[in-house]
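The whole structure should be built from the sequences, with the hints applied where relevant.
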Amino acid sequence: MKAVSLFSGGLDSQLAVCLVKDQGIEVLGLNFTSPFFGASEADYKAAEQIGIELFTMDIGKEYISEVLRKPVYGYGKNLNPCIDCHAYMQKKAGLFMQENGASFLITGEVIGQRPMSQNRSALNAVDKLSGLKGLTLRPLSALLLPETIPETEGWINRNQLLDISGRGRSRQMELAEQYGINDYPSPAGGCLLTDENFSRRIKPLLAERDEIHPQEIEVYKVGRHFILENNHLLVVGRKHAENERLQAIAGESDYLLKVIDRPGPLALFRSPDGVPGQQELDYAAAIVARYSDAKNEPQATLKVFQIGSEDYQILAVAPLRPEEIPATV
Numbered sequence: 099m100k101a102v103s104l105f106s107g108g109l110d111s112q113l114a115v116c117l118v119k120d121q122g123i124e125v126l127g128l129n130f131t132s133p134f135f136g137a138s139e140a141d142y143k144a145a146e147q148i149g150i151e152l153f154t155m156d157i158g159k160e161y162i163s164e165v166l167r168k169p170v171y172g173y174g175k176n177l178n179p180c181i182d183c184h185a186y187m188q189k190k191a192g193l194f195m196q197e198n199g200a201s202f203l204i205t206g207e208v209i210g211q212r213p214m215s216q217n218r219s220a221l222n223a224v225d226k227l228s229g230l231k232g233l234t235l236r237p238l239s240a241l242l243l244p245e246t247i248p249e250t251e252g253w254i255n256r257n258q259l260l261d262i263s264g265r266g267r268s269r270q271m272e273l274a275e276q277y278g279i280n281d282y283p284s285p286a287g288g289c290l291l292t293d294e295n296f297s298r299r300i301k302p303l304l305a306e307r308d309e310i311h312p313q314e315i316e317v318y319k320v321g322r323h324f325i326l327e328n329n330h331l332l333v334v335g336r337k338h339a340e341n342e343r344l345q346a347i348a349g350e351s352d353y354l355l356k357v358i359d360r361p362g363p364l365a366l367f368r369s370p371d372g373v374p375g376q377q378e379l380d381y382a383a384a385i386v387a388r389y390s391d392a393k394n395e396p397q398a399t400l401k402v403f404q405i406g407s408e409d410y411q412i413l414a415v416a417p418l419r420p421e422e423i424p425a426t427v
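Residue numbering for the sequence shown follows this note's numbering, starting at 99 and increasing by one per position.
Hints are computed from structural coordinates only; laboratory data are not their basis. Note that the structure is predicted; figures quoted are calculated from it, not measured. A few of these clues could be false.
Unchecked claim - Result set (BS3-like, lysine-lysine): computed pairs, CA atoms no more than 25 Å apart in a straight line:
| hint | residue 1 | residue 2 |
| --- | --- | --- |
| 1 | 100 | 119 |
| 2 | 393 | 356 |
| 3 | 159 | 393 |
| 4 | 189 | 119 |
| 5 | 168 | 301 |
| 6 | 119 | 168 |
| 7 | 226 | 189 |
| 8 | 401 | 319 |
| 9 | 231 | 119 |
| 10 | 175 | 119 |
| 11 | 175 | 143 |
| 12 | 189 | 159 |
| 13 | 143 | 119 |
| 14 | 168 | 189 |
| 15 | 231 | 190 |
| 16 | 337 | 401 |
| 17 | 356 | 319 |
| 18 | 190 | 159 |
| 19 | 175 | 301 |
| 20 | 231 | 100 |
| 21 | 337 | 356 |
| 22 | 189 | 100 |
| 23 | 168 | 143 |
| 24 | 168 | 100 |
| 25 | 226 | 168 |
| 26 | 168 | 190 |
| 27 | 100 | 159 |
This is the structure:
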């Protein structure tokens with residue numbers, strides 16, 4: 099008998115796997131990646147720690163169009179479509195389950211741990227929307243939930259499952275000690291869509307564009323963000339690592355700006371139609387100059403260039419005064 103675990107790498111998902119493995123079930127770990135969440139090196143170490151293989155599935159483009167844009171159950175506090183997201187993952191995991199000869203799914207969800215997405219009503223909605231009702235076992239809270247097919251069919255002994263609920267972690271920590279799990283992260287959402295600032299940044303993009311490539315999302319994770327006239331985006335690096343990241347993720351139609359006569363940040367300028375006017379570039383350059391060591395000079399010199407092109411432009415602009423800097427997003 100084989101099962102697939104929706105594996106986040108957190109303590110709850112590790113414990114859920116251990117409880118099922120204790121009953122002689124082989125478990126495969128599955129982690130989904132997108133611009134908003136995905137497996138880290140720590141997740142692979144967690145899977146190795148409990149003796150399972152971890153598989154990853156990139157769902158980025160499909161996730162944006164099918165889940166993020168039109169969630170059946172709406173959003174949480176920010177742009178997080180948690181119920182639809184969980185259902186989508188279960189549905190995709192169901193296909194992975196069939197392809198790999200597994201019979202059911204397991205998750206580390208705990209009743210009441212997250213009031214909006216881990217209550218009985220939300221879990222029922224997830225199971226219904228995924229089309230896998232009865233095939234998803236939640237070992238940590240199973241005794242508080244209706245019996246699933248793995249239990250009624252005798253694949254799993256229900257008496258060896260648990261009745262954990264709420265946000266406390268004492269029982270999980272006791273179990274971790276019993277299983278020798280001593281390296282696990284603190285509980286956290288792990289999804290950028292729950293972050294207020296990030297959600298605010300990408301809302302205009304979702305509203306304006308019918309199709310978004312996952313790679314385009316990367317720029318919204320770094321730097322100071324300005325939405326300028328006609329929805330031009332300017333991102334100014336705040337430290338050396340962000341400058342390097344902006345250069346690495348710049349697309350062929352993006353413009354990079356850098357003060358060349360003083361130390362200062364790298365900035366990325368993105369135009370909705372890919373071709374900004376000179377006035378727009380000059381204004382962006384004046385903002386960038388304000389964040390450089392030339393901010394108090396009457397004039398700063400910037401290089402404007404694009405990745406993959408040998409052409410460039412030199413601009414001489416007056417750095418904006420502090421009160422002229424537009425609000426960041």
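Broken hints, numbered, in rising order?
3, 6, 10, 11, 23, 24 and 27
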